[in-house]
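Kindly produce the complete structure, drawing on both the sequences and the hints.
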Amino acid sequence: MHVMKTPPSRTTWIFTALAVLTLLLFMADLAVGAVSIPLREVWAALFKADALTDASTVSAGTVLIVRRIRLIKAAVALLAGMALSVSGLQMQTLFRNPLAGPYVLGISSGASLGVALFILGAPILGLTAHAAVATLGLAGSAWLGAALLLALVALVSRRVKDIMVILILGMMLSSGIGALVQILQYLSHENALKSFVIWTMGSLGDVTVPQLWLLIPAVLIGLALAVAAVKPLNMLLLGEDYARTMGLNVRRSRRLIFLSTVFLAGTVTAFCGPIGFIGLAVPHVARMLFREADHRILIPGAALCGAVVLLLCDIISKGLTLPINSITALLGIPMVIWVVIRHKNIV
Amino acid sequence: MIRLENLRLGYGQRHLLDDASAILPAGSLTALLGRNGSGKSTLLRALIGQERPQGGRIRLNGQPLSDISPERLARTVAFVNTARVRVANLRCKDVVALGRAPYTNWIGRMQAQDEAAVREALTMTGMAAYADRTMDKMSDGECQRIMIARALAQQTPIILLDEPTSFLDLPNRYELGRLLAQLAHEQNKCIFFSTHELDIALALCDAVALIDGQHLHHRPAAELPESGLLEKVFGDSLRLSGIYSNLR
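Protein sequence lines correspond, in order, to chains Z and E.
With our numbering applied, the first sequence corresponds to residues 1 to 347, in that order.
With our numbering applied, the second sequence corresponds to residues 1 to 248, in that order.
Sample of chain E residues at the chain Z side, in silico, Cβ under 7 Å: (1) Glu71; (2) Leu90; (3) Leu98.
Label-pair restraints from in silico Cβ distances: (4) Z:Asn97 / E:Pro64: 35 to 41 Å; (5) Z:Gly140 / E:Ser69: 39 to 45 Å; (6) Z:Arg159 / E:Ser237: 38 to 44 Å; (7) Z:Ser9 / E:Arg8: 57 to 63 Å; (8) E:Ser69 / Z:Gly239: 19 to 25 Å; (9) E:Trp106 / Z:Ser9: 24 to 30 Å; (10) Z:Leu152 / E:Ser69: 28 to 34 Å; (11) E:Arg35 / Z:Leu180: 46 to 52 Å; (12) Z:Ile168 / E:Asn36: 25 to 31 Å; (13) Z:Leu23 / E:Trp106: 27 to 33 Å.
It should be emphasised that the hints constitute simulated quantities derived from the structure, not laboratory data.
We treat Cβ as the ideally placed atom computed from N, Cα and C, and that holds for glycine.
See the structure below:
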């Protein structure tokens, strides 16, 4: 869209500031927790090759906490923040609706159906015996549920021209599945119900190392697909009709954007549960910060803002020992209300 | 140039247009008139390849529309519809730059000639001073001009507009009609737009295409008042509105 022979200094400044902030918050996230660890020791635990054997600067326990627990959780916060924000941005542009988010297409309800079936059904099948099966099965069933529901929506969208019909379809499917999940909850035992409810609260800390190794490539693929969708997204700002007459294959672009969303929001939801409001609120923060509508700036911008916000939420949630979802909601809701009242034409 | 050859349009058993033939040459401004629901929008949508004809053929610059790839089509026809684009943070020059989408690479990188086309389009529509304004802070008339500038930046021989005057007040309508006539004549474009403004169609256009039942009449604008076609299509309302007596 607009040309950058000499990049506007304002944009460059904000990007630099956000990158620095991300790094600082990442380190802070490693330092904060049940035990506070001074940043100097965090640094040593991370980067001293022999930190585990040489206890002169930092204790072995600290090294383990930083490397085995907090590093994973901070990495998850970073990735999930980026993923949810970028998928929310894409949904808002695609549906031309400032209140669209990563979950409008029913990803969260699809995932919750998968999880409900697994948590409530696995004990019956005797699958809970192995811990590994239990954790991978949980994420796997969530991912499968999200992907199946989105595939269903995408299938319908091949026949439907109007994007608003797809939006309504996604919402109705979500509600229908929500009802199914409620029935499952009603029929289930107390213990299974409890683990399901905990999943719905969302958590960045339950991701295991093997899961992280799935999460990283999935988020990277999703982000790469989002970058590939930059030009279609910019064209879609004018609406599908205009985009089409400017040569855009709207259906192919929609599929590309849906696929990106499965990888981003679907995977994060599978591993962390539905994390609310990040995908809804952060794209607005990026738009206001950069004063841009160009997705070449907004996609990396929203990714960085998302990382910053979710790292911050994680630090707060650890400080107050509250579930992450209550923090994202408490921070996100006022942000969304403010945005909606201040700017009526956002997308 | 647009050429309609025995075109039939409609939905299922319902025919909107039958056996429509016309030639709209380059360098001419043609208005498309007709009652509500007579098929004006359907005809325009057919010309951008979004409505399949039930019969007959459309040729754009000599080539059958059905043989033109979407990529080529985007370099042949530009379209301006009535959708309001009011996106915050979206600058006018960015909207016009999107008109270069058929020419730019996968991420939309603008080259020097793309920049030049955007500047030229903004100048031609008299919107150069608005380049850095955002779309949510513009009047309807200004927005419409930006969308036309975007169509110009697309550098197509044909420009179609669906009711471009509909949200505009009287002075803005005439301004817009004059701008379209000027673009058609000076840039040698074939411009075809649907409208309900009989006066603009007759005063500023070279030709008029009038949908009368399932027939499409294509006449030079000067001949239309004497043809009796307007009375046939619009009936008593013509006399009541006073347009008729002015035309005579």
